[in-house]
Amino acid sequence: MKNLEKKIIKNIYKIEFKKTIFEIIIKGLIFIFLFFSLFIFSSIVFEIIKEERLTDFFQIFFEDKEVWKKYFFDSFYIFYLQIPKVYLGLFFLFLFLFFGFFLYVLKNFYRLKNKIISFLKFIKKI
Amino acid sequence: MSDKEIILKIKNGQIDYFEIIVKKYTSKIYQYIKKKVLKKEDTEDLTQNVFISFYKSINRFDENKPIEPYLYQIAKNELKMFYRSKKKFFSFNEKFYFCNDRIKDRIEDFIEDFDVKMILLKKLKKEEREIFLMLAEGYSYQEIAKKFKKSLNTIKTIIKRGREKIKIKYF
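Order-wise, the sequence lines are chains A and B.
Read in order, the letters of the first sequence correspond to residues 1 to 126 in my numbering.
Read in order, the letters of the second sequence correspond to residues 1 to 171 in my numbering.
Since the hints were made in silico from the structure, they are not lab data.
Worth double-checking, as some hints may not be accurate.
As the list claims (entries may be wrong) - In silico SDA-like links for lysine to any residue, alpha-carbon gap of 25 Å or less:
no., chain 1, residue 1, chain 2, residue 2
1, B, LYS56, A, PHE94
2, A, LYS115, B, LYS11
3, B, LYS36, A, ASN3
4, A, LYS10, B, ASN77
5, A, LYS7, B, LEU38
6, A, LYS107, B, LEU8
7, A, LYS115, B, ILE67
8, A, LYS10, B, SER57
9, A, LYS10, B, TYR72
10, A, LYS18, B, ASP45
11, A, LYS113, A, ILE9
12, B, LYS56, A, ILE44
13, A, LYS124, B, LEU38
14, B, LYS23, A, ILE9
15, B, LYS11, A, ILE26
16, A, LYS2, B, LYS28
Based on the provided sequences and hints, a complete structural model is requested.
Written as structure tokens, this is what we have:
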């Protein structure tokens, strides 16, 4: 019976080890993809903002209240027309996904840590 | 440590606690399967499969429920699949076929013989034979009744009559 128990436990560890490795690889690939996508879209957005000098819009806030009241909506409208909406949308989407995924991995990190500790304990026993 | 605490620890990734479940229930599951399967290797394989299936479904398992009945249910399902995969050689559980110990003792010596099983079943009607084969494969009376679209009592009567036929014909 002890041999059978050892066989069962060994198989369980084999299955869990394969599953964990696969999980780590997949999560790693997703993380790299999201980080890379975020980097690309943020670079594109900042490049466009720099070229179009869109940051000039924010200077209106340093003007007098009268100037601000008179020209704010016009400036805002021009600013809205010029911003790269698609790229900005994708940037925020990937930003949201990246942090969401990061929090998910962080939340489940203790489980992965416990599994790795269990594997090490099992390897030591062998 | 209770089973509930062990399950919670396993769900949290501390898979070394699964060893406690294996050590606690292996012998019971092994003995249960041993009664229904002839070969030792098959018994061990099926016992392994039970625990592997349980481990794979452990995240869905409600830790407030007892483990033992769940393991037995998995064992029953494994036995069903095992019998289906080995259609020619099925477990001849004499409890399904014979009514008393005297008859069981008489044929115990050659009961493992596949040809004897086929002879015994040959004299039954087609439907009766199919029912007895399903019983040997581990199907419950309810499942058999559902398959044949008959009531539970009808199935029980057919089985009783089949047993009587075998008893009268050969002993």
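Against the structure, the hints come out as follows:
1. B:LYS56 to A:PHE94: With a Cα-Cα distance of about 33 Å, the restraint between B:LYS56 and A:PHE94 is violated, given a limit of 25 Å.
2. A:LYS115 to B:LYS11: holds (10 Å)
3. B:LYS36 to A:ASN3: Roughly 21 Å separates the two Cα atoms, so the pair holds.
4. A:LYS10 to B:ASN77: holds (23 Å)
5. A:LYS7 to B:LEU38: holds (20 Å)
6. A:LYS107 to B:LEU8: At roughly 17 Å apart (the allowed maximum being 25 Å), B:LEU8 and A:LYS107 satisfy the hint.
7. A:LYS115 to B:ILE67: Distance ~22 Å between A:LYS115 and B:ILE67 Cα, so the pair holds.
8. A:LYS10 to B:SER57: holds (18 Å)
9. A:LYS10 to B:TYR72: holds (22 Å)
10. A:LYS18 to B:ASP45: holds (21 Å)
11. A:LYS113 to A:ILE9: holds (20 Å)
12. B:LYS56 to A:ILE44: Answer violated: B:LYS56 to A:ILE44 is near 45 Å, above 25 Å.
13. A:LYS124 to B:LEU38: Between A:LYS124 and B:LEU38 the Cα gap is close to 37 Å, so the pair fails against 25 Å, i.e. violated.
14. B:LYS23 to A:ILE9: Roughly 9 Å between the alpha carbons, so the hint for B:LYS23 and A:ILE9 holds.
15. B:LYS11 to A:ILE26: holds (20 Å)
16. A:LYS2 to B:LYS28: Status holds; Cα separation ~13 Å.
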